[in-house]
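So the sequence shown is numbered by this note's numbering: it starts at 1 and just counts up by one.
It is worth saying that the hints were derived from the structure and are not from the lab. These numbers come from a predicted model, not from an experiment. Accuracy of the hints is not assured; some may be wrong.
[As the list claims (entries may be wrong)] Calculated cross-link-like contacts (lysine to aspartate or glutamate; reagent style EDC-like; alpha-carbon spacing at most 20 Å):
1) Lys27 x Glu64
2) Lys27 x Asp79
3) Lys27 x Asp14
4) Lys16 x Asp31
5) Lys16 x Glu63
6) Lys27 x Glu6
7) Lys16 x Glu40
8) Lys16 x Glu64
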Amino acid sequence: MGLFGEWMRAAPADLKPLRGDLTAVRKFIADGEGPRCGLEGDWAGIDFLLRRRDFPVDIVFGEEPFAAPSAEDKEWDSDPPAYLTPAQVRTAAAALRDLTAEEFVHGVTAAELRRAGLYHLYTPAALPTLAARLPAVRDYFTRAAACGDAIICWLS
């Protein structure tokens, strides 16, 4: 089974007690009631497309670590979660606002995705699938920005 990209909105005050405690982060995510958005396995393609556009914020992996993983912390399937501050969420929402699905995938071929070694994106349907995800990503960030929320980012 592959990795899936996940986001969960949270009030900034809810994140303060989590800094430095990955066990508390894990529990917060498991118990969390904030609006979520799943990228499924498309996270790698979305990250690739945004990076090639020099997107101003790392919305897939987050910008702010909660804590450095310890050698004993084997609970995460990849790097532990990170988060985006409300200011970073606003920056991302503004950058997504005018980005069209066509611009998002413009100039990229399935062969380029294959050369980049991107998980499961080797089919001709990959680019239309990634382009189709953009409106939901834009809406999620727009709503989070409007509410002043932070966003927790992780792979599961």
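Going down the list of hints, with the structure as the test:
Proximity of Lys27 to Glu64 is assessed by CA-CA distance (about 18 Å); at most 20 Å being required, the pair is judged to hold. About 16 Å separates the Cα atoms of Lys27 and Asp79, which keeps this hinted pair within 20 Å; it holds. Using a Cα cut-off of 20 Å, the hinted pair Lys27 and Asp14 holds, with the two alpha carbons roughly 12 Å apart. About 16 Å separates the Cα atoms of Lys16 and Asp31, which keeps this hinted pair within 20 Å; it holds.
Distance check on the hinted pair: Lys16 and Glu63 sit about 15 Å apart at the alpha-carbon level, within 20 Å; holds. Of the pairs offered as hints, the one joining Lys27 and Glu6 holds, with about 15 Å between alpha carbons and a cut-off of 20 Å not exceeded. In summary, the hint linking Lys16 to Glu40 is not supported, as the alpha carbons are separated by about 28 Å, beyond the 20 Å threshold. Distance check on the hinted pair: Lys16 and Glu64 sit about 12 Å apart at the alpha-carbon level, within 20 Å; holds.
When held up to the earlier numbered hints, the structure conflicts with hint 7 and nothing else.
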